[in-house]
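Undergrad: Protein chains in written order, with this note's numbering: chain D, 91 to 349; chain F, 1100 to 1441.
Just so you know, the hints here were simulated from the structure itself, not pulled from any lab data.
All figures in this text were calculated on a predicted structure; none of them were measured in a lab.
Beta carbons: idealized from backbone N, C-alpha and C, even for Gly.
The calculated label-pair distances, taken between Cβ atoms and stated as ranges, are: (1) F/Asp1267 <-> D/Phe113: 54 to 60 Å; (2) F/Ser1163 <-> D/Gly160: 51 to 57 Å; (3) F/Lys1110 <-> D/Leu181: 28 to 34 Å.
Capping the alpha-carbon separation at 30 Å, the derived lysine-lysine pairs in BS3-like fashion look like this: (4) F/Lys1206 <-> F/Lys1255; (5) F/Lys1176 <-> D/Lys180; (6) F/Lys1221 <-> F/Lys1206; (7) F/Lys1232 <-> F/Lys1255; (8) F/Lys1176 <-> F/Lys1255; (9) D/Lys180 <-> F/Lys1122.
Footprint (simulated), chain D over chain F, 3 or more residues, beta carbon under 8 Å: (10) 1179-1190; (11) 1201-1210.
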Amino acid sequence: MTPRIFSPLVLFLVVAFLIGPFFIIVAASLSGGETLAFPPQGFSLKWVVKVFTVESFRESFAVSMFLAIGGTAMALVLGIPASYALSRYKLPFGETIRTIVSLPIIVPGIIVGLALLRYIVVPFGFNITLALFLAHTALVLPYAVRVVSASLNNLRSDIEEAAVLLGSSRAGAFFRVVMPNIRSGILAAFILGFVTSFNQVPVSLFLSGPGVRTLPIDMLSYMEITYDPSVAALSALLAFMSIGIVFLAERFLGFSRYV
Amino acid sequence: MSDAPFLSLEKLTLAYGDTVAVKDLDLSIRKGELVAFLGPSGCGKTTTMRSIAGLLTPASGRISLDGTDITRVSANKRSVGLVFQSYALFPHLSVFENVAFGLRLKKLPASDIETRVTAGLKSVGLSKFATRKPAELSGGQQQRVALARSMVMEPKVLLLDEPLSNLDARLRLEMRTELQRVQKETGVTMIFVTHDQGEALSLADRIVVMLNGAIEQIGTPEDIYNRPVSRFVADFVGFENIFAVEGGKLKAANGPIALSESLPPDTAGLAWRPRMVTLGSGPFQGTVRGASFSGSTREYLLDTPLGAIKAEEDAGLAAHQPGTELAFDLPVARAARLERFG
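The whole structure should be built from the sequences, with the hints applied where relevant.
TA: Set out below in structure tokens:
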């Protein structure tokens, strides 16, 4: 094999490996059969319809949406001021703080989940929703800080001084000239955080409890009992949702600049 | 222009943490003056300007403006405008909204804002660009937006940070004229910071030369250019042959040289521009080591017992070839007399 053929072949295999499962899932979800199987037996939309009738899916979807939106919003509320402080001031231990903030990306989710459960949730008797909310906030925070910092670093700090000299207060300058200029960075951070939180499994696995679980966890437990194609249908729907979000983000924000 | 000080700095000391940038600075500026802070980078000129704007709180000392002590007044209440070196326009706002920014904060009626912004943009020749974003303008246009943005606020003092240094030669001349026009029309007191003596000489009514956080000399452009009082200022404005004077004698490389004329007792040094050196006659001898032709003049570098001497002659005169022995004179009558030789 010459390298000329070799590298496109490798590229094709990699792409097939990455995208292939997605097509398999979509095909399996359109199956007319009663069990999750590939190739699908016949064609039917009944499993896609069934997804919307399963009570626990609806509940866990609501939990996941709440965590993804609420946790990401909270992470931004904490992350924007943190990014501002880190990028505008020479803080003692600034680099150390930056590293600590990124830890949830580096440390495996299983460990974060176990640690949160064993040392925070159990001893302090947190309820499950609060524990999940705090965990998702912590998991999204690194993305918020990273993406917002990137926007802030591209923004000259003298525009704030200019605003102050034109009569604005320091805080006013932040809201009038800093926020509008990092808006697309904040939106990008929100989307990245939303997707990260929504697709989160290991931490949620430890913290989910009776009555409160996120959608991915619910899907796992559903599969343990009922091995029908509705899980495939749900997966396909979620994948389309993520693709839709990222597509819109790329279209309107140039999302790839931030990630 | 009245003689009473409009802006005065008294015993002003400015510091970044433990690093003192400006020490015990005293300066008075009259209403309507156009003053240049001139000096090399790190001399404290920008720091001083920032403290006038209120962006830096003095470690000690007093700043007063128009009869009021503003040392502790916050930057947003000082009526001081600043045109940043980078212009610092707001990227998300149109040119119109950039200029309107301060007026909107003052909560002026919309019609007033409209009138003042329109007039402001017209005065800097940018009426046609009102709806553009700053990124769609050239550097020179951006700077004029920044100027209009400060001027519509009718500041008591307008500060400009290196207003000409980012512009090419043609725009520089345009901006220089623009600044002089604005100053003439509005009578605003202007201070600009520069490291370029040419800028300071051509634009300012008065120049404050700074070095190491202190004032070296204050004077009109003519004073600074023709009568520098210290070695640093002499060097900065192009006196290339500078000698210390001790006990009325010139300290040359080969020992003290008695001077033909007596000097005032406080003379610490004498300095000559290259073109003040007389070539072809005089009490001293030197060897031409290098020559360069620069259009209207020829410059020579001489090796002499006094040390290296730079001289300049009209290009119309016959050239001296490198290697020739040449008599020359340093006429004391033409020299700048330095009071400090630190």
